[in-house]
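First to last, the protein sequences are chains A and B.
Per my numbering, the first sequence starts with residue 1, numbered consecutively.
Per my numbering, the second sequence starts with residue 211, numbered consecutively.
No lab work stands behind these hints, which were simulated from the structure alone.
Remember, it's a predicted structure, so these values are computed and weren't measured experimentally.
One thing to keep in mind: the hints can contain errors.
What the hints assert, rightly or not - Selected chain A positions facing chain B (in silico; Cβ < 8 Å):
1. 58
2. 59
3. 64
4. 128
5. 130
6. 131
Said to hold, decoys possible - As a list, the in silico DSS-like pairs of lysine-lysine whose alpha-carbon atoms are at most 30 Å apart:
7. A:53 <-> B:569
8. B:643 <-> A:53
9. B:521 <-> B:480
10. B:643 <-> B:659
11. B:486 <-> B:569
12. B:521 <-> B:643
Unchecked claim - Have a look at the derived ranges for each label pair, beta carbon to beta carbon:
13. A:21 <-> B:250: 30 to 36 Å
14. B:250 <-> A:181: 55 to 61 Å
15. A:66 <-> B:413: 52 to 58 Å
16. B:640 <-> A:65: 21 to 27 Å
For glycine and all other residues, C-beta sits at the position ideal for the given N, C-alpha and C.
Here is what each chain is made of, one letter per residue.
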Amino acid sequence: MTKYFTRDNLYYFRRTLTNPVDSFYEIRHREQGSVPLALVTVFAFSLCFTLDKIFAGFIVNTVDPRSVNGLTDLVSVFLLFGLFSVGNWSVTCLMNGEGRLKDILVVTGYSLMPLILTYIPAILISNVLAANEEVFYTVILGFGVAWTAILILMGIMTVHNYTLLKTLITLVITLVAMFLIIFLALLLFDLLNQVYGFFFSVYTEFSLRG
Amino acid sequence: MKRFLKPAVVAAAAMMLFLCAAPAALASVDVPYDSYTYNYREYVEYTPAPYIPAGSVTGLSLNIGEFRNPQDISIAPDGRLLVADTDNDRVVIVNAEMTEALMVIEGFDNNGTPDSFNRPFGVTVSDRGLIYIADSLNRRIVVLDETGLSAVQIIENPQSDMFAAEYVFTPLKVAVDYADRIYVISRNVFQGLMVFSPEGEFMSFFGTINVQISVWQRVWRALSSRRQREVGILFIPTEFTGVDVDDDGFVYASCIDPLGEQAAFRLNPKGEDVIKTGANGNVGGDLDWMPRGAGTYSGPSYIVDIIIRDKGLYSILCSRRGRIFTYDFEGNLLYIFGGMGAQVGTFRTPAAMAHTGDKLLVLDSGRQEIMLFAETEYGRLINEAVGLRFDGDERLAVDLWRQVLAINENLELANVGIGKAYLTDGNNSEAMKHLRLGMDRTYYSVAFKRYRNDLLKENLGAILTVAVVAALALYIWNTVKGKGGRKGDLLADD
Numbered sequence: 001m002t003k004y005f006t007r008d009n010l011y012y013f014r015r016t017l018t019n020p021v022d023s024f025y026e027i028r029h030r031e032q033g034s035v036p037l038a039l040v041t042v043f044a045f046s047l048c049f050t051l052d053k054i055f056a057g058f059i060v061n062t063v064d065p066r067s068v069n070g071l072t073d074l075v076s077v078f079l080l081f082g083l084f085s086v087g088n089w090s091v092t093c094l095m096n097g098e099g100r101l102k103d104i105l106v107v108t109g110y111s112l113m114p115l116i117l118t119y120i121p122a123i124l125i126s127n128v129l130a131a132n133e134e135v136f137y138t139v140i141l142g143f144g145v146a147w148t149a150i151l152i153l154m155g156i157m158t159v160h161n162y163t164l165l166k167t168l169i170t171l172v173i174t175l176v177a178m179f180l181i182i183f184l185a186l187l188l189f190d191l192l193n194q195v196y197g198f199f200f201s202v203y204t205e206f207s208l209r210g
Numbered sequence: 211m212k213r214f215l216k217p218a219v220v221a222a223a224a225m226m227l228f229l230c231a232a233p234a235a236l237a238s239v240d241v242p243y244d245s246y247t248y249n250y251r252e253y254v255e256y257t258p259a260p261y262i263p264a265g266s267v268t269g270l271s272l273n274i275g276e277f278r279n280p281q282d283i284s285i286a287p288d289g290r291l292l293v294a295d296t297d298n299d300r301v302v303i304v305n306a307e308m309t310e311a312l313m314v315i316e317g318f319d320n321n322g323t324p325d326s327f328n329r330p331f332g333v334t335v336s337d338r339g340l341i342y343i344a345d346s347l348n349r350r351i352v353v354l355d356e357t358g359l360s361a362v363q364i365i366e367n368p369q370s371d372m373f374a375a376e377y378v379f380t381p382l383k384v385a386v387d388y389a390d391r392i393y394v395i396s397r398n399v400f401q402g403l404m405v406f407s408p409e410g411e412f413m414s415f416f417g418t419i420n421v422q423i424s425v426w427q428r429v430w431r432a433l434s435s436r437r438q439r440e441v442g443i444l445f446i447p448t449e450f451t452g453v454d455v456d457d458d459g460f461v462y463a464s465c466i467d468p469l470g471e472q473a474a475f476r477l478n479p480k481g482e483d484v485i486k487t488g489a490n491g492n493v494g495g496d497l498d499w500m501p502r503g504a505g506t507y508s509g510p511s512y513i514v515d516i517i518i519r520d521k522g523l524y525s526i527l528c529s530r531r532g533r534i535f536t537y538d539f540e541g542n543l544l545y546i547f548g549g550m551g552a553q554v555g556t557f558r559t560p561a562a563m564a565h566t567g568d569k570l571l572v573l574d575s576g577r578q579e580i581m582l583f584a585e586t587e588y589g590r591l592i593n594e595a596v597g598l599r600f601d602g603d604e605r606l607a608v609d610l611w612r613q614v615l616a617i618n619e620n621l622e623l624a625n626v627g628i629g630k631a632y633l634t635d636g637n638n639s640e641a642m643k644h645l646r647l648g649m650d651r652t653y654y655s656v657a658f659k660r661y662r663n664d665l666l667k668e669n670l671g672a673i674l675t676v677a678v679v680a681a682l683a684l685y686i687w688n689t690v691k692g693k694g695g696r697k698g699d700l701l702a703d704d
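Build out the structure end to end from the sequences listed, making use of the hints.
As structure tokens, this is what we get:
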């Protein structure tokens with residue numbers, strides 16, 4: 001357990017918030033990142049995401065409580081996280097990126113930290129807000145989103161040793177790659193389904209004639 | 211994760227169970243149709259029946275021979291019922307108890323010469339008791355005196371620059387306001403209602419419906435050539451289908467909205483639409499309908515008539531699914547009932563509506579029958595409570611809303627009504643509870659602000675004390691810790 005969450009790991013995890021370029025450099029080149037820690041962060045983010053839907057104040061909360069499902073949220077957040085990481089990895093591999101899959105996972109996971117840090121106060125504050133004051137809630141969340149976006153940008157830039165422009169271009173291509181992966185996955189699923197269907201009908205045919 | 215989710219899941223499951231159980235538990239009166247309303251999230255919520263069938267009136271029950279394709283009914287100020295029996299070319303006057311025909315007008319005295327109707331389509335009675343008949347294929351409006359025997363005025367062949375050259379006046383529905391101005395819905399007139407002065411002069415068009423073009427249609431039009439545009443479909447506003455005038459001279463009119471969003475119009479004396487819409491911004495009938503083409507039951511509500519009832523209430527009639535929608539003056543949907551079928555209380559081709567006392571009348575031109583609907587306890591409570599709100603006696607309505615809640619716990623309107631009353635009484639926490647159940651964010655927020663202020667005012671001393679003590683403690687802690695020397699951060703000076 002302690003192997004995955006050493007003092008150094010935690011220190012750089014914390015430092016990511018304030019000195020992203022430095023700590024992402026350390027993570028890439030001095031093995032200071034921890035994938036389990038990143039996964040825990042993603043899990044915590046998904047938890048906050050669900051909690052916001054359930055416990056955000058009545059004034060700001062338009063989500064139908066019947067539609068909230070924490071497991072669905074968890075699965076989709078992890079899927080998106082994995083999809084982004086794999087998509088980015090497959091693109092940067094071809095574009096002279098220096099980062100390994102491990103680094104990308106760590107960077108993306110750590111970068112969600114600001115969102116967790118802003119979700120919790122936002123949920124608390126939203127419960128003491130009246131109409132016309134929703135802006136506090138929105139601004140806090142918007143701040144978190146912007147911070148996370150900056151962290152991801154800097155992280156990807158640092159671990160791959162890219163320029164800003166190249167990072168932006170890779171991010172766009174990553175998006176395309178993500179869609180491609182989804183498309184291929186669906187295609188594969190459909191084909192497998194048809195193969196299964198074929199064998200199933202062959203089996204049915206034989207068993208009925210048998 | 212599970213610890214947080216379980217309550218939510220259980221609550222959701224319980225809510226679903228309640229929603230499903232509601233209609234069965236409350237169907238104390240067996241009616242041949244669904245009664246429901248839409249809640250804040252636009253889910254159908256079944257309610258007890260606000261109105262139940264209370265018999266019907268046919269030509270046979272009145273001993274005057276079957277009605278044939280009757281198109282309009284109207285209630286006179288003295289409670290008598292007038293029926294435009296269109297294909298029989300007659301107008302029938304029925305007594306207030308709806309038991310016998312007082313008079314069958316097949317002809318009338320037109321300035322000394324006997325005259326008759328040709329497909330009388332619409333009928334109405336003015337405050338002074340004059341009978342206005344839209345005599346459609348005679349292309350005129352006949353105004354009969356109180357006795358119904360002789361014409362006092364005939365309006366025909368209106369003249370104006372605004373008409374197209376080949377225009378033929380075919381009046382379908384007619385309404386009269388307190389100043390005897392006449393509002394006419396005429397076939398193939400897309401500019402709105404036609405308004406006639408008490409002297410029978412055409413004055414103007416009134417309340418034109420704006421054409422709605424979707425984004426897709428706009429793109430398509432932009433891409434097509436001029437020639438294509440010339441021969442393509444015209445974007446013509448829909449025609450009005452029903453019209454009624456309230457005591458203040460506001461004209462209510464219904465139309466068929468292809469989007470199902472606004473079927474009711476409230477036109478001020480300038481002809482501008484001033485209708486209020488409720489929380490969901492919709493006064494167009496059903497909210498969730500299958501797209502067109504998914505069977506005869508699909509598509510937006512097809513609103514064929516509108517009536518103004520007491521205290522700002524109004525009802526619209528859908529002939530596609532045979533439903534009657536009732537809204538209050540703020541555009542809140544109160545209740546929906548009615549359906550298609552062959553039983554008493556269901557329709558084949560509903561065409562027009564009227565109301566008298568606590569009864570609603572729906573004319574079915576296909577079944578040649580007038581259905582009567584009587585208010586139930588549930589309907590009466592809602593009508594009265596909304597009426598009190600209309601009069602500004604919101605606090606008196608609380609008792610009624612409570613009784614409504616006892617019958618139908620899910621009604622958001624009742625919760626809002628109670629919440630608002632608590633708010634005026636200054637009981638903020640109770641107000642918050644009910645307004646939250648009623649999903650009214652605006653008023654909830656008002657209550658919440660007051661509640662928050664009260665809480666702060668009461669506890670200001672305690673809050674300030676805690677804050678000062680905490681600040682002091684923090685200061686002392688920092689000083690003490692500072693003496694011990696700061697623990698160096700790991701790799702602080704790397």
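Structure-based check of all given hints:
1. The interface hint given for residue 58 of chain A holds, since its Cβ lies 6 Å from the closest Cβ of chain B, which is under the 8 Å cut-off.
2. Interface hint at residue 59 of chain A: satisfied, since its Cβ lies 6 Å from the closest Cβ of chain B, which is below the 8 Å cut-off.
3. For residue 64 of chain A, the suggested interface contact is upheld, since its CB lies about 5 Å from the closest CB of chain B, less than 8 Å.
4. Taken as an interface hint, residue 128 of chain A checks out: its beta carbon lies about 7 Å from the nearest beta carbon of chain B, inside 8 Å.
5. Given hint, residue 130 of chain A at the interface with chain B, holds; its Cβ is 4 Å from that chain's nearest Cβ, closer than 8 Å.
6. Interface hint status for residue 131 of chain A: upheld, as the beta-carbon distance to the closest one in chain B is roughly 4 Å, under 8 Å.
7. Proximity of residue 53 of chain A to residue 569 of chain B is assessed by CA-CA distance (about 46 Å); at most 30 Å being required, the pair is judged violated.
8. For the suggested pair residue 643 of chain B and residue 53 of chain A, the alpha carbons sit about 20 Å apart, so the restraint of at most 30 Å is met.
9. For the suggested pair residue 521 of chain B and residue 480 of chain B, the alpha carbons sit about 23 Å apart, so the restraint of at most 30 Å is met.
10. Only pairs whose Cα atoms come within 30 Å are accepted, and residue 643 of chain B paired with residue 659 of chain B is accepted, the gap being roughly 14 Å.
11. Distance hint between residue 486 of chain B and residue 569 of chain B is fulfilled; the C-alpha atoms sit about 25 Å from each other, no more than 30 Å.
12. A C-alpha spacing of about 28 Å is found between residue 521 of chain B and residue 643 of chain B, which places the hinted pair at or below 30 Å, so the restraint holds.
13. For residue 21 of chain A paired with residue 250 of chain B, a C-beta distance near 48 Å fails the hint of 30 to 36 Å.
14. Here the CB-CB span from residue 250 of chain B to residue 181 of chain A is close to 39 Å, at odds with the stated 55 to 61 Å.
15. As the Cβ distance of residue 66 of chain A to residue 413 of chain B is approximately 54 Å, the hint placing it in 52 to 58 Å holds.
16. For the hinted restraint 21 to 27 Å between residue 640 of chain B and residue 65 of chain A, the CB-CB distance of approximately 22 Å keeps it satisfied.
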